[in-house]
Each structure stands twice: as C-alpha cells, then as structure tokens.
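Novice: For reference, the chains in residue letters:
Protein chains: 2
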Amino acid sequence: MDKLIIIKVGGNIIDDEQKLSSFLTSFASVEGKKILVHGGGKLATKMAAQLGVEQQMIDGRRITDAETLKIVTMVYAGYINKNIVAQLQARGCNAIGLCGADGNVIQSHKRVHPTIDYGFVGDVDSINTSLLKSLLDQDVNVVMAPITHNKEGLLLNTNADTIAQEIAQAMSGLYSVQLIYSFEKSGVLLNAEDDSTVIPGINPESYKELKEKNVIFAGMIPKLDNAFTALKKGVSKVVIGKAEELQALITGKAGTTIQE
Amino acid sequence: MDKLIIIKVGGNIIDDEQKLSSFLTSFASVEGKKILVHGGGKLATKMAAQLGVEQQMIDGRRITDAETLKIVTMVYAGYINKNIVAQLQARGCNAIGLCGADGNVIQSHKRVHPTIDYGFVGDVDSINTSLLKSLLDQDVNVVMAPITHNKEGLLLNTNADTIAQEIAQAMSGLYSVQLIYSFEKSGVLLNAEDDSTVIPGINPESYKELKEKNVIFAGMIPKLDNAFTALKKGVSKVVIGKAEELQALITGKAGTTIQE
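Top line first, the protein sequences correspond to chains R and X.
Heads up: the first sequence begins at 1 in the UniProt record's numbering, then just goes up one per residue.
Heads up: the second sequence begins at 1 in the UniProt record's numbering, then just goes up one per residue.
Among the hints, a few may not be true.
Heads up, the list lumps identical chains together, so a pair's fine if it works in one copy or across two of them.
Stated by the list, open to error - Listed below are the simulated DSSO-like cross-link pairs for lysine-lysine, each with C-alpha atoms no more than 27 Å apart in a straight line:
hint, residue 1, residue 2
1, Lys-253, Lys-208
2, Lys-213, Lys-253
3, Lys-46, Lys-211
4, Lys-133, Lys-213
5, Lys-151, Lys-133
6, Lys-110, Lys-42
7, Lys-110, Lys-3
8, Lys-223, Lys-3
9, Lys-110, Lys-19
10, Lys-237, Lys-208
11, Lys-151, Lys-19
Bear in mind the hints are in silico, worked out from the structure with no lab data behind them.
Note that this is a predicted model, so its numbers are computed, not measured.
The shape of chain R in the complex, shown without the other chains (with noise of 0.2 Å):
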C-alpha cells in the first residue's frame, strides 16, 4: 500500500505569519501522499471580537452560535484554507482546499448533547475517501478546514484533531496511514513545564503505567486515548510533536510516538 500522511498543524501555527511560512516549506516538502487539516481558534476569536460577536466556550471547546458558525466557516474554509493552499502553490506543493461540505468529504450531525447545546457543532459521521483518493492519486495534496455539514444545508463547526483522526481511520483501508499531531509542545512530556522530557514511545501498556503514575498531563489523555482508538480502527503509527520539527516527527526522531 502507498503511504499517506495525515498532518494536524495546531492553532500556535496558524496565528503566527513566520511559523506558519516556515511550517509550509517543511510541509511542502513532505514526500508523497499527504493531507493537512488545520485549525485557527485565535484568528476566528479575534474576528469575533472585531465584529462584536460574543464568544462562549464550554471544556475548552467553542460554542457555536448562528454568527459564530458564520465567523467560523470565513475563517477557517476562507481566509486560512485558502492562504495555505496559495503558500503552498507557491512552494510547488500542488494543493486543494476543502471543508467537509466539498465533494461531500465529510458528513456529520449537529451534535446531541444531554445538558449542553454546543450550537452549530458537528459529530462526524462519514469520510468520503474516493474523492480524496482520486485528488491524491492525481498528486493533489488535500488541505482541510475543519467544517464539515449535514448534507441538509447546515455547516457544522467540528473539531480539527477530530477530523484528523477520522480522515486517518478511513484512509487506513486505501493506505498505510501516519497520523501526526503537530502543536507547540515537543511531544507527551514527562513534566508538562520541561519541554526536554519528551517520551519517545507509548504503547498500550507503557500507556496504562504512565496513567496509573498519574504523570502525564489532563489535557494529553484525550488526545492519547483518541490515537490508540485511530490505531486499533487501522492507522499504522501516531506521533505527537513540535510542529517546528515536522521532518523529524516524521522519520521519527522526534516527538512521542504512539504504536500497538
């Protein structure tokens, strides 16, 4: 099987002109297959405040009303999508922007929640992996804002690490499929202040260890939880690490990497 690699940049990047330049020349040079989702948190936040727009987040997570999700879908699918996907035109990495509403790429439901309304969020449900395959297999690199809709009309605002793990799970079946989370620290640290304690590799049991020390920080354990769920559905290797050293994540010199 050919490789596809399956890249979330986080919102560290985005908000930062020099990184990002940087981070798309690392990207652009990638070989073969790959998609990148990306998010943008602060750029939609402060276009919210410049349009007077009230923000409401619940567990870290944004709550999407009527002008956010329009605030959302400008950002992200506009403003952000399309300039990566002219840097990187200009990197000749060939590149398609989409959000999940595009070619029906992914199809998602307003999310049900027992004692919250989250607004205009979206749970996914299906990944259309022939159009993403056929726009790779024409060497098209796919870059993906994290919108998607309920194929109703509705857009629906949805989690980029989210999207990022469901494109990786179905891929798996086309592709042997990386998934590499890239942020702004170095990887899953042993003490979350000291950026040098980097553990190079999970698995399963070193996993259970670590969270029976209780040494790994709150906010990684979903994020690890949802790497061995995406390995077990099919994805060969996770890694988790700086942005800034994508090469290295990659080949696996850097960064901590998550594996059966």
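Using the hints provided, position chain X relative to the given structure of chain R.
Specialist: Just chain X now, kept in the frame of chain R:
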C-alpha cells in the same frame, strides 16, 4: 463532445436568501456537467462596513487593498462558497467549492495599469482544465469563488464574469460549452427600464446594427463584447438573462442568446 454548462450568478441572487435557495434548486436540477461561478459583492461590502474597512470603487471595480482582500477571501471563498456547496449537497447535487488557488485552477497576475492601482486584483493567465475535467467526470459539479492566485503565494480578487468567460473558453477544447450570465434583468433589453423588451437573439451583424442605433444600455456593451470573444474562442453559445429563469435560459426559451 459532452456538454458543459457554465453559469455565472449575480450578486442580487447571492444577497437574497430566498432567491438564492430557489436558484440553487433550479441549478441542482440542471442535467449534466456544470460549473457555477458566483460573486457576492454586497455581502463583502457589508462585512467591510461592519469591520470599519473603507471601500474604494473605480469604474464599478473594487480597489482591493490588503484588508479588503482578506474580507473578500473570507466572504467569497469561505462564507458564500461553502454555503452554496452545502445547499447543493442538500439538494442531492454533489458539488465542490474552489477558488483559483485550489489545485492551481486559475492562475493570474496582479493587474498592471498605467494610471490606476487596483490593488490585489488579478487578471487571469491560465486555467487548469485537467483538474476541472477530472472532477466533472466524477460527477462532482464545481462552484467557483472569484478569487485567483499568482502562484507566488498571493491571492487576488478577480471579476466573476471574467472567471466564467475564461473557464468557458478554456474548457471548450474538452466539452461543448454553453455559458450563461444570469442576473437581475430578463436579458439584453431594447429599453433598459422595460423588462419586456428583451432581444431574443444577437449575432455579429445585428450587434453592429444595435450599437450603431445606440439602443443598447452602455453597461451591457462589455458583457456583449466578452460574449463574442468567448464565441470566437470556441464557446458554443452564450445566454444572458434572469437567474429566476435558469431552465428557460438553458433551453433558449428566455433571455438573449448570443451566437455567431
């Protein structure tokens, strides 16, 4: 050759939720391969006002400074484009929304003008017909936002009429192309104030005559000149008419048909 219908829809439809919805129902039911090109000037103007960005116009063309480019990228390629795609998906019409940077579909250069600096405005250089053909051949209809790129990392604002014309011309080698400009009037009118005075057909001879008699509204002259250029470059038929009559425009039962 397969037929391809390229439809430009004007701002008055985009700005009106009800009209847009009914137009999209009509578009979704058009048989065969199709490309929709949209503008959306008024929504961008409204967003600029909300953000306190002053808009400059020269000869009906927006001067696109850096802030305005950001706004049109968000509004055209984000908000409008993705909402159109989601609504088409809801109507069972598989569609993908692109700007010119996506898959390098439309490459342009920043306009050079001896006296006016239009800012970030792009004049079209080339169309990537093979990606468009590959999508259409997978029964994915294309929705184009009027944003292009210079392949050096710059997004550029480009007139939607021009984009429709350039795509129509470029695709003429691969399909029998019909180009439809849909707007608020019923067609080319003998009396600009009277929608019942549609000229059903114009050819080069009658066009010469109409111009000599000075009966065509000045604003229509560039549209008609462009239509004749498109015909010379291989487009089979150009129709100008009311968006609400889309099906009738396609069959030639409404609007003005321009043919050689």
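Novice: Now tell me if each hint is right for this structure.
Specialist: Against the structure, the hints:
1. Lys-253 / Lys-208: within (24 Å within a copy, 71 Å between copies)
2. Lys-213 / Lys-253: For Lys-213 and Lys-253, the Cα distance is within 27 Å only inside one copy (26 Å; across copies 77 Å).
3. Lys-46 / Lys-211: So Lys-46 and Lys-211 fail the 27 Å test inside a copy (36 Å) and across (52 Å) alike.
4. Lys-133 / Lys-213: Neither: 42 Å inside a chain and 57 Å across chains, both beyond 27 Å.
5. Lys-151 / Lys-133: both (21 Å within a copy, 24 Å between copies)
6. Lys-110 / Lys-42: The answer is within: 23 Å in one copy meets 27 Å, while 30 Å across copies does not.
7. Lys-110 / Lys-3: For Lys-110 and Lys-3, neither the intra-copy (33 Å) nor the inter-copy (38 Å) Cα distance is at most 27 Å.
8. Lys-223 / Lys-3: For Lys-223 and Lys-3, only the intra-copy Cα distance (23 Å) is at most 27 Å; the inter-copy one is 49 Å.
9. Lys-110 / Lys-19: between (34 Å within a copy, 26 Å between copies)
10. Lys-237 / Lys-208: within (18 Å within a copy, 68 Å between copies)
11. Lys-151 / Lys-19: between (36 Å within a copy, 20 Å between copies)
The structure fails to meet hints 3, 4, 7 from the earlier list, while all remaining hints are met.
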